[in-house]
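Respectively, the protein sequence lines represent chains A and B. Sequential numbering of the first sequence, starting at 1, is according to the working numbering. Sequential numbering of the second sequence, starting at 1001, is according to the working numbering.
Honestly, the hints are just simulated from the structure, not real lab data. Computed from a predicted model, the values in this text were never measured in an experiment. Where is the CB? At the ideal position from N, CA and C, for every residue including glycine. Watch out, some of these pointers could steer you wrong.
Said to hold, decoys possible - Under 7 Å between C-beta atoms, here's a sample of chain B residues computed to sit facing chain A:
| hint | residue |
| --- | --- |
| 1 | Trp1014 |
| 2 | Leu1021 |
| 3 | Met1035 |
| 4 | Leu1043 |
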Amino acid sequence: MTGAAREAVEARFDRLLKEHGPALSRLAFGYEKVAAAREDLMQEIALAIWQALPRFRGECSERTFVFRIAHNRGLTHAVRRPPAHDSLTEEREHIDPRPLPDEHAARAHRRDWLRAAIRRLTPLYREVIMLTLEELSTAEIAEILGITENNVAVRLSRARQSLKQALEEAL
Amino acid sequence: MSVDLELESWRREWRVDTEALPELKRRIRGQNRRMIAGAHVILVCLAIATVLGFRQPRSGWGGFAAGVWIATVLASGYTLWVRRGTWATPAATTEAYVELLYRRAVATLRKTVVLGRAMIAVLALYGGWLVLSGRHRTAFSGLVFAAFTVAILLMGVLERRRRRAMEEMTRLVDRASDVAEPSKAKRMDLE
């Protein structure tokens, strides 16, 4: 790669991370609870985007491109490092049990519960629910996953059922 | 148009206080440097073995250098053969990626099992040769034997880890097939 081409890729990479960084950070939470391992996962996602960027010719939107890579890396991570346990009772020990002083803390608490419940889902339900929470359309999710929109709807419906059940069990 | 209140509430909770990204570019550069350094270490080891083999061909180093080169060529050739068809996905989708991950997991496990068994066979042959030729009391042969034993033990640990990854992968493929077309990878033999 020439110097100019490298700079262009680097600028594009910076822009993608700036635009989608918060979403990528949330996705990493869906795959990994432990902070250090989550940082490793983020690094793997960023490295995969960096490596794939020179070959990206705009066959799909940048958002689809970034989310697809992130989920593929997340799946690899889930296979390599399956959670040692998936009990919400144990998750409860990691979530601050002190009384909640204000609405902000209460929201953070509910967010932690939601993340823990999402991590309990099977990876294939997890990805469809996380993409939905990131406001991707059914068509975009179908494009990322390589399944039909009907299949996305079926998977989402089952994922929502499982998530609701997990949240109810936790409360 | 009706609003999905449950989903909206989850979306709000999902987005509360998103953490900032760690400094990724610096870490990526570091990772790239480590990968390049790893490749250099292998090349330097091969070069040292070759130089020692040429300088002292009659000592154990000559055989050692030839062994290192033969093992490297055979292991690389076998790795390329076993990983055929697992380099890239036919389609840029997660479904295709799951299929590819499965194939890679099968290939990696096969490679680990075969190389582990091959190392045990080589160690047995080497040990037998040392005893028959009366060289089993030299420090050099002891060093090579010990290094081989450690490598075989590490391969055993690696094999167990890869079998666990394979089980997880099989579960993932099984789950994928509940709403999609039955996976081709699911029908592949493990061993």
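Exercise. In ascending order, which of the hints set out earlier in this document are inconsistent with the structure?
Worked result: Hint check: 3 and 4 fail, others pass.
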